[in-house]
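Participant: Using the sequences and the hints, build the whole thing.
One letter stands for each residue in the lines below.
Number of protein chains: 2
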Amino acid sequence: MLKYQEVAQHIENEIQTKNLSQGTKLPSVNELVAKYKVSKNTILQTLKVLESRSIIYPVQGNGIFVRRRKRKGYITLLENQGFSGDLTYIDVVPKVICFKVVKATEEVANNLQCTLDDDVYFVKRVLSIRDQILCLEESYYKMSVVTFLSEAILEESIFQYLEKGLNIKTGFSDKYLSVLKTKGDISKYLELPKDSPMLLVEEIYYTNTGEPFDFAKIYYHYEHSQFFLNG
Amino acid sequence: MLKYQEVAQHIENEIQTKNLSQGTKLPSVNELVAKYKVSKNTILQTLKVLESRSIIYPVQGNGIFVRRRKRKGYITLLENQGFSGDLTYIDVVPKVICFKVVKATEEVANNLQCTLDDDVYFVKRVLSIRDQILCLEESYYKMSVVTFLSEAILEESIFQYLEKGLNIKTGFSDKYLSVLKTKGDISKYLELPKDSPMLLVEEIYYTNTGEPFDFAKIYYHYEHSQFFLNG
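Residue numbers (the working numbering), protein chains in the order written: chain W, 3 to 233; chain H, 3 to 233.
The reader is advised that the hints may include incorrect statements.
One copy or any two copies: either way a pair holds, since identical chains are not told apart in the list.
Derived SDA-like pairs: lysine to any residue, alpha-carbon spacing no greater than 20 Å straight-line [claimed, not checked]:
| id | residue 1 | residue 2 |
| --- | --- | --- |
| 1 | LYS50 | GLY173 |
| 2 | LYS196 | LEU182 |
| 3 | LYS166 | VAL147 |
| 4 | LYS74 | GLN115 |
| 5 | LYS5 | VAL35 |
| 6 | LYS171 | VAL68 |
| 7 | LYS219 | ARG73 |
| 8 | LYS126 | THR26 |
| 9 | LYS5 | SER159 |
Source of the hints: derived by calculation from the structure; they are not laboratory data.
Facilitator: Have a look at this one:
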């Protein structure tokens, strides 16, 4: 971990443990420099990171302030780490429904920028939290990037494996949201009556060199999921 | 407009008009310095802005690349300007249902950080695009910040008025999303049968000094709305 990340982590922990409320003024840049014994540049980088993660906000000529959301139990839509925010992987229990290698369909090829001849891992899982069904997930992983997956891995955090096992660095993601009625298999896996409301989130994850490697369709149980977004 | 914003605008326009596809390599920092006759620092600021707006992505040691989404007709969830992305205010036709001054309810006071004694503007509008109902919007504006509103203003872009008329600078926003079934008045205004799927987006907008001034509940017609999110 780089120095500025370490300091960022430390400040974030402090906000949490001291339970500082939104609008609380933090020490000045110079005070932070003195406190953490690092350069001014490091502190400026630290603050940029904390601001981009919506943990602080700067007010010109006045200082740096704590930013916190109030509501608990919401899934953060923005972080590129699979589930995050209040819901961590510790809470999420995956059940693998299907795991196989398939040829890319037109939809998959289009989103993963590959051809219909390319092999992709297809993974279908139901994810639950505290015995409540959160979502049905259908993911397609491009095998030229995600060179190996196994059923054992799918029962844990895939993103942690991709990052630490395969050294795949996520660069950015596109997410498309729409609201639909459940039907067929989806109702069955979500254990909802046909025509129930449902949020479909389609996600495309790219490596830090801009190559798409994961296309996922996630169908959320409307009674068990709520989402949060920092702007 | 500052120099780096001007250059950012210019590069964004070029990507649009030349219809550059995702992954297209852009000129190097030095080439951009020469082209726009500005300092290296200005170009670095320009690129930071374009990256944060998901218009480009840098690849370490390799260059700067175009980032573009493929799907049309999606509302961008992240920009703090009301509707944006493909849908601009030009397309959105508001119809005012109700406009009055009320005392803050508990929910409103909680989200706007005011008391139950404080006056707020209450605005209820139905927004349509090309004769299709997009959403029902219930907004509460804190009168200590939003000192004046009128029905004529509500028929145009409120955010433009707040920024240019009242000089309110939006700093950041919190958004909470949940999926529900329509009922009562909401079904009526969305012209949907009772128990239809619906996306509820609750938004809180803060000034650049961290004061909440707008709390809005927006109920989206599920057949007429889709959303996009850059991560």
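Participant: All hints, please: hold or fail.
Facilitator: Hint check results:
1. LYS50 - GLY173: The answer is both: 18 Å in one copy and 15 Å across copies each meet 20 Å.
2. LYS196 - LEU182: both (11 Å within a copy, 15 Å between copies)
3. LYS166 - VAL147: Result: close within a single copy only, 14 Å intra versus 48 Å inter.
4. LYS74 - GLN115: between (37 Å within a copy, 18 Å between copies)
5. LYS5 - VAL35: For LYS5 and VAL35, the Cα distance is within 20 Å only inside one copy (12 Å; across copies 31 Å).
6. LYS171 - VAL68: between (29 Å within a copy, 19 Å between copies)
7. LYS219 - ARG73: Result: close only across copies, 15 Å inter versus 26 Å intra.
8. LYS126 - THR26: Cα proximity of LYS126 and THR26: none, with 44 Å in one copy and 33 Å across.
9. LYS5 - SER159: Neither: 27 Å inside a chain and 44 Å across chains, both beyond 20 Å.
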